[in-house]
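Going down the list, the protein sequences come from chains E and R. Residue 196 in numbering that gives the first Met the number 0 is what sits at position 197 of the first sequence, and the numbering runs on without skipping anything. Residue 124 in numbering that gives the first Met the number 0 is what sits at position 125 of the second sequence, and the numbering runs on without skipping anything.
Everything labelled a hint here was simulated from the structure, so no lab data went into it. Bear in mind the structure is a predicted one, so any value in this text is a computation, not a measurement. Note that beta-carbon positions come from the ideal geometry of N, C-alpha and C, so glycine has one too. Among the clues, some could well be false.
Just a sample of chain E residues kept apart from chain R, beta carbon distances all over 10 Å, derived [stated by the list, open to error]:
{"#": "1", "residue": "Leu19"}
{"#": "2", "residue": "Gly167"}
{"#": "3", "residue": "Lys229"}
{"#": "4", "residue": "His298"}
{"#": "5", "residue": "Val437"}
Derived contacts from chain R toward chain E, CB cut-off under 8 Å, selection only [said to hold, decoys possible]:
{"#": "6", "residue": "Ala29"}
{"#": "7", "residue": "Lys30"}
{"#": "8", "residue": "Gly33"}
{"#": "9", "residue": "Glu105"}
{"#": "10", "residue": "Arg109"}
{"#": "11", "residue": "Asp111"}
{"#": "12", "residue": "Asp112"}
{"#": "13", "residue": "Thr120"}
{"#": "14", "residue": "Arg182"}
{"#": "15", "residue": "Tyr184"}
{"#": "16", "residue": "Thr186"}
{"#": "17", "residue": "Pro187"}
{"#": "18", "residue": "Pro189"}
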Amino acid sequence: MTQLDLALNNTSTLPSAESLTHPYARYGLAVVLAFHTDGKLLQSLNEEQLREGLARALESGLNFFRMETKDDPQHQQELRFRPISLDRLRADPGLVSGSLASQGKYLFPSIVASDKQVKGTFADVEKVLADLRDKTARLDRMSDLKRSIAPIAGEINNGGKEKVNQRGTLFEAACAAVATVTPEKPAAQFGGSNTGIFPDLDMAHLTEFVRVFHQFQAEGSNRLNGKPAKNGKYRRPPLHDGNYPDAPRDDAFGAVGLLAAMGYWGSRAGETTRRETIAALDSLEDRPLYLISYDGVSHAQFTHHVIELAKAGSLQTIINDFYHEARPYAVYDEPYLRTDLPLVRHFYFATSRFLQRFDAPALRDFLSTRAEYPPSTDLLLGVYFMQVENIPRHIVESARALGQWINRTAYFVADEDTAEGTQNRPQAVRKAKAKVLVEFESAIMSADSPEDMLHRVSTRAGRLLQGDAPAEATAYFDASAVGEEISFRTAQHLLIAYLRLRTAKTPELLPNGTGGTPAVTAADDDSDLAEQETQE
Amino acid sequence: MNLNLLELPPHFLTVAILTVDALSPLSMVAKMPGKYYRSQAAPTDDMLYGLLENALGWHISEKDRNDLIKRIQKKHGKTAQASGVGFKSLLQFHLRFGIRVETPSEAVLRYDDYWSQHLRTGGLEFFGGSREHDARLIPLVNAAAEKQISLTDSGGVRDEEAIGDFRPGDKINFSVVRPYFPRYYVTPTPREYVVPATAYQYRVETSPDVAEMIADALEDPAAPLYLGSNDGWVEATWRIFPEAKG
Numbered sequence: 000m001t002q003l004d005l006a007l008n009n010t011s012t013l014p015s016a017e018s019l020t021h022p023y024a025r026y027g028l029a030v031v032l033a034f035h036t037d038g039k040l041l042q043s044l045n046e047e048q049l050r051e052g053l054a055r056a057l058e059s060g061l062n063f064f065r066m067e068t069k070d071d072p073q074h075q076q077e078l079r080f081r082p083i084s085l086d087r088l089r090a091d092p093g094l095v096s097g098s099l100a101s102q103g104k105y106l107f108p109s110i111v112a113s114d115k116q117v118k119g120t121f122a123d124v125e126k127v128l129a130d131l132r133d134k135t136a137r138l139d140r141m142s143d144l145k146r147s148i149a150p151i152a153g154e155i156n157n158g159g160k161e162k163v164n165q166r167g168t169l170f171e172a173a174c175a176a177v178a179t180v181t182p183e184k185p186a187a188q189f190g191g192s193n194t195g196i197f198p199d200l201d202m203a204h205l206t207e208f209v210r211v212f213h214q215f216q217a218e219g220s221n222r223l224n225g226k227p228a229k230n231g232k233y234r235r236p237p238l239h240d241g242n243y244p245d246a247p248r249d250d251a252f253g254a255v256g257l258l259a260a261m262g263y264w265g266s267r268a269g270e271t272t273r274r275e276t277i278a279a280l281d282s283l284e285d286r287p288l289y290l291i292s293y294d295g296v297s298h299a300q301f302t303h304h305v306i307e308l309a310k311a312g313s314l315q316t317i318i319n320d321f322y323h324e325a326r327p328y329a330v331y332d333e334p335y336l337r338t339d340l341p342l343v344r345h346f347y348f349a350t351s352r353f354l355q356r357f358d359a360p361a362l363r364d365f366l367s368t369r370a371e372y373p374p375s376t377d378l379l380l381g382v383y384f385m386q387v388e389n390i391p392r393h394i395v396e397s398a399r400a401l402g403q404w405i406n407r408t409a410y411f412v413a414d415e416d417t418a419e420g421t422q423n424r425p426q427a428v429r430k431a432k433a434k435v436l437v438e439f440e441s442a443i444m445s446a447d448s449p450e451d452m453l454h455r456v457s458t459r460a461g462r463l464l465q466g467d468a469p470a471e472a473t474a475y476f477d478a479s480a481v482g483e484e485i486s487f488r489t490a491q492h493l494l495i496a497y498l499r500l501r502t503a504k505t506p507e508l509l510p511n512g513t514g515g516t517p518a519v520t521a522a523d524d525d526s527d528l529a530e531q532e533t534q535e
Numbered sequence: 000m001n002l003n004l005l006e007l008p009p010h011f012l013t014v015a016i017l018t019v020d021a022l023s024p025l026s027m028v029a030k031m032p033g034k035y036y037r038s039q040a041a042p043t044d045d046m047l048y049g050l051l052e053n054a055l056g057w058h059i060s061e062k063d064r065n066d067l068i069k070r071i072q073k074k075h076g077k078t079a080q081a082s083g084v085g086f087k088s089l090l091q092f093h094l095r096f097g098i099r100v101e102t103p104s105e106a107v108l109r110y111d112d113y114w115s116q117h118l119r120t121g122g123l124e125f126f127g128g129s130r131e132h133d134a135r136l137i138p139l140v141n142a143a144a145e146k147q148i149s150l151t152d153s154g155g156v157r158d159e160e161a162i163g164d165f166r167p168g169d170k171i172n173f174s175v176v177r178p179y180f181p182r183y184y185v186t187p188t189p190r191e192y193v194v195p196a197t198a199y200q201y202r203v204e205t206s207p208d209v210a211e212m213i214a215d216a217l218e219d220p221a222a223p224l225y226l227g228s229n230d231g232w233v234e235a236t237w238r239i240f241p242e243a244k245g
């Protein structure tokens, strides 16, 4: 009992929210308080109501344990999945565990368990349920915190001879069990493991987050409908990419994808919902988000710059475009995006880490993979250079003008140099453009000083692009040479980032033979520059 | 080690400020350890009691500690609080923490790192995870590494002589080999570390004698001071305010 309790003459022996210091158990309690106690606060609940609330939350979670589909993948185009009810699971243990994935009976991604031990999770959650409904089992009775109900806990020696499970009260175990099975949490299957995303917030903000997420998640009810695999076998529905709308397709963007999608939805919702979503996203600033699965735990944390982008709805476009368009030059020969290649994984990992850390070392890792960025990345880079590195706006815009000029002109030169009848012409143009850009990048990075760098850039502009750098680049050149407002290293990064940015007017060249027609021809080059500045 | 002070009735007239400054990243785990160690942003009261007892040199075994706690409980008529791992501080009756100035959760830098978790068990994990074994076991370990023999939990050869005398294709029961692993096996476990932006400061209320004792201890601690994991070294200072009333 706290001092405050004594002062208020509160002799309740109920556990308090403060006793749950771990965010995992706290999340479970937040779900109970948000949905299963008729809106009452923890202090005003009596023990029976609390136990019943916990039990109901557990049952609700077990009702979203496994899914099945009545559609036949060999003959139908759409597989509609529905949850298997708890009564059926209890009646038929064969539905709880076994080689059910081949029958299309997948685990919901919100069940934080692995296929091998999910039987243990089901059994132990049922046991906690029974204890909650059993009046003789006190809430403060110590019990084992097994990994089946709390995947982050484990067996350790702690001075003993053998490894043993750590102990917690029944209340703590119940809250952790709720967190493990509840569908009211952001979840996806990352790397084949069901992973839940748990924000580390205080109870008030956490309950708000749970409520906002519930509304957000409700928009994505069609994610349970999927398509069969090409060979006529069952395939997981989009729910496993993320149990909320607009979830990112790649695991690397897991946590930031949640922020982006939530912000995108909130920015388009009604006034009250929008304000609630903004408040929920603000509360996540600099607080860790734990990605917990049975196999491992990691955490992510976001600065307020990225949260602002999420709130405005722009982050969703940036990530989406990035996933669909950004390609490392080294994989240009691949006919389609292969996300299993180590180079691509490193690229996504570095991007994801840049979005989290949003500082200079993270930018350097992000820039370490040579790739072309989609036009929407412009906003991200602008926010970074102006708000984090505090480079004056006119210098950033000047660097941008120069980088974009190099990028566009490289395209035109590549387009001209590639003969008309070349096989797979868009691919060839793409590679030629990449070659030009890489030469610029090498020149910039191997320069000894700002003057050397500018000299090399000008020389190559003349030689490769047959033109002079635009007048708008002067501010950047001057600032780099002086070196006061912008260091040499930053100047290099600034230019490289912008010359990789595909301008909105140059077409995206897709490797499978398609490619848009450019909006302007090479002849309109100079006049187009002025037009572009106002548009971008 | 003067524990007689603990028999005196507690009173909280003396105020002191305890300032704890982290010298390296801290990993202060309060709940649910095992697979992933999540750190608090600030130490719990039990961790601070542990820090002070460390400085005092009160490294008492569990059995003796429990006896002492029982005596003190009987003397003062209060129940002892235990931490999540069962640590019962001897100081808890005579010292309490009041107002605290801590780095808020948003301002600490958090990162994950691998930590060498030392474990001990009777099972087969020992074999893969421990480099410390008796030299007599070397031929067997080499053979197992080359997959000429295998170790198993159930069945297999139980003859103790099998250590020197085995043939390719043998299945040897682990109980034969287990006594030759004297210490721990190590498994890298992810652990969260925090780097606080500022020092932690606590207003402490205690009796004058205890305050003096702690002041002396922190001048010259009996052991390195740490919070959370024992590589989280800290610098602790203690300032008594004789004129302030608790």
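Hint check results:
1. Leu19: Leu19 of chain E is in fact no farther than 10 Å from some Cβ atom of chain R, at 8 Å.
2. Gly167: Check fails; 7 Å does not lie beyond 10 Å.
3. Lys229: With a cut-off of 10 Å, Lys229 of chain E remains clear of chain R, as the shortest Cβ separation is near 37 Å.
4. His298: violated (6 Å)
5. Val437: Given a closest Cβ separation of 34 Å, the condition holds.
6. Ala29: Result: holds, 5 Å to nearest chain E Cβ.
7. Lys30: holds (4 Å)
8. Gly33: holds (2 Å)
9. Glu105: At about 4 Å, which falls below the 8 Å cut-off, the nearest Cβ of chain E leaves the hint on Glu105 of chain R intact, so it holds.
10. Arg109: holds (5 Å)
11. Asp111: Because about 6 Å separates Asp111 of chain R from the closest Cβ in chain E, which is inside the 8 Å limit, the hint holds.
12. Asp112: The hint is violated - Asp112 of chain R has no Cβ within 8 Å of chain E, the shortest such distance being about 12 Å.
13. Thr120: OK, holds: Thr120 of chain R within 8 Å of chain E, min 5 Å.
14. Arg182: violated (12 Å)
15. Tyr184: violated (11 Å)
16. Thr186: violated (10 Å)
17. Pro187: With Cβ-Cβ at 12 Å, over 8 Å, it is violated.
18. Pro189: Since the shortest Cβ distance to chain E is 6 Å, the answer is holds.
Going through the hint list in order, the structure does not satisfy hints 1, 2, 4, 12, 14, 15, 16 and 17.
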